[in-house]
Amino acid sequence: MYSIIEEAVVHALTRANIHLPPDVKNALKKAYKTEDSEVARVQIEAILRNLELAEELNRPICQDTGLIVYYVRMGYDFGVRIDVIERALINATRRATAEIPLRPNTVDPLTGENPGDNTGRNSPIIHWEFMKGDSLEIVVVPKGGGSEYVTVLEMIPPGLGLGGVKRVVIDAVLEAGAKPCPPTIVGVGLGGGVDTAVYLAKKAACIRRLDTMNPNPTLARLEDELYSELNSLGIGPQGLGGRTTVLGVHIDYSHRHPASYPVAVVFQCWAARRATVLVGRDGSSTIIQ
Amino acid sequence: MSEYHLKTPIEEEEVRRLRIGDIVYLSGTIVTARDAAHRRILEYYRQGKPIPIDLRGGVIYHCGPVVLKKDDEWTVVAAGPTTSARMELYEAFVIEKFGTRMIIGKGGMGMRTTEACRRYGAVYTVFTGGAAVLAARAIKRVLRVEWLDLGIPEALWVLEVEEFGPLLVVIDSTGRNLIERVISRARKRRDELIRSLSMESR
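In the order they appear, the protein sequences are chains A and B.
Quick note: to get my numbering, add 443 to the position in the first sequence (first position is 1).
Quick note: to get my numbering, add 56 to the position in the second sequence (first position is 1).
If you're looking for bench data, these hints aren't it; they were derived computationally from the structure.
Remember, predicted model here, so these are calculated numbers, not experimental data.
The reader is advised that the hints may include incorrect statements.
Taking lysine-lysine and the DSS-like style, the derived pairs with C-alpha atoms no more than 30 Å apart in a straight line are [claimed, not checked]:
no.: 1; chain 1: A; residue 1: K476; chain 2: B; residue 2: K125
no.: 2; chain 1: B; residue 1: K125; chain 2: B; residue 2: K63
no.: 3; chain 1: A; residue 1: K468; chain 2: B; residue 2: K196
no.: 4; chain 1: B; residue 1: K126; chain 2: B; residue 2: K196
no.: 5; chain 1: B; residue 1: K153; chain 2: B; residue 2: K125
no.: 6; chain 1: B; residue 1: K196; chain 2: B; residue 2: K125
no.: 7; chain 1: B; residue 1: K153; chain 2: A; residue 2: K472
no.: 8; chain 1: B; residue 1: K125; chain 2: A; residue 2: K473
no.: 9; chain 1: B; residue 1: K63; chain 2: B; residue 2: K105
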């Protein structure tokens, strides 16, 4: 099972880095039709041309192949030891870095030393969740540094409610400006502790598909309103002006302490790369995007 | 919005002709430099040590490429721009002291760089962020690499390019800054939105 998982994860990283998921591609194509300024159209044209070239030449879409994040959901009855899966993820990271190749991005914050294989202390980033059933699901996300740079975490007075949340998101997008490679996907995490707020925001930005609806009607409405309001800022593709500043707004939430209301905003760039590995207990594996 | 095809080294009058919104395709030599390389350029200048590249009339590209080494030869696999804001600390100094005529990056730069472009005759242009394969395809050869001890992304990669672009002029030599304009309009719109939010909650 070890080698099945390692192999599948290397394939998923290859797939994710070279092919953008169909929902993101469609959103970019739609943006091209929506834009009427020449400057914005030139940017989206370059983006779409780049996607074709990456697939044609088998190369990573973006040179910033990111810090690698794994969102693992393991069935209670999957029946493989967690340390085996962990080892497969770390080795898959090393192999993918050399084979695709990926840019070696992990740097020791104290010494500046780069081990050269995208591993290190707490790297790659692995999140574990558990579920009913006997399968294993791993979403791989190469997360770029430019979009991470503009992350916001704010503790708002709880009395401000959803109006306060909106203000934080609008300001985060304005302050981010051209830096996170717009059009972006904006992930928002409400409530929880500060750690869960950031975790949910990043997960919402990076792994939820653009063509999905929020199951909570209040949040679905808030997402729609923010989507129009953020695009009305006119920041546009690459911050050069235009109608498409965000491709989507994804919100998730947790229960919070009565005295605190964390709001986290995490961005994913237009090159919203991801792929999912599904492994069955029988050792069958598939990759979907 | 005009289109220009320029060759390096770039003359001051060529750069002075460019206006925000113009598109440039560039041929010749460009050098990548990110945070660590800029820091070292300044350090060397202050210590009176020569740097291993000639930036007069030259072009700096904010980029940390993905590269492959085969039989002692480097090829660039992917090479889109990195966020330029981090280089705001250094770039005005580099333009002044080294005579750089064009900076390529993404995300925009600030007041100090804008002022240096105006005073010394330089422009800041952006290449579409993330369009790394499109960029790599216009890179014909790695001429050499310096300061590789800084790591692959941070080293100075001296690259031969052909029709590298589209590069959009964001800061021209007259003090105009396209991204600044877009953001200041966005800021006004933000104030309207926030005002209507506080009306709703009343």
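> Keeping to a limit of 30 Å between CA atoms, is the pair of A:K476 and B:K125 held or broken?
Replying inline: 40 Å, violated
> Between B:K126 and B:K196, is the straight-line Cα distance small enough, at 30 Å or below?
Replying inline: 16 Å, holds
>> Just to be careful, I want the Cα atoms of B:K63 and B:K105 compared with a cutoff of 30 Å; is the pair within it?
In response: Holds - the C-alpha atoms of B:K105 and B:K63 are around 29 Å apart, at most 30 Å.
> For the pair supplied as a hint, A:K468 and B:K196, is the alpha-carbon distance within the 30 Å limit?
Replying inline: 28 Å, holds
> Under the criterion that the straight-line Cα-Cα distance not exceed 30 Å, is the pair B:K125, B:K63 satisfied?
Replying inline: 28 Å, holds
> Between B:K153 and A:K472, is the straight-line Cα distance small enough, at 30 Å or below?
Replying inline: Violated: B:K153 and A:K472 sit about 44 Å apart, past 30 Å.
> Are the Cα atoms of B:K153 and B:K125 separated by 30 Å or less?
Replying inline: 33 Å, violated
>> Given the hinted pair B:K196 and B:K125, is their Cα-Cα distance within 30 Å?
In response: 15 Å, holds
> Quick one, are B:K125 and A:K473 close enough, alpha carbons at most 30 Å?
Replying inline: At roughly 39 Å apart (the allowed maximum being 30 Å), A:K473 and B:K125 break the hint.
Hints 1, 5, 7 and 8 from the list above are not met by this structure, while the remaining hints are.
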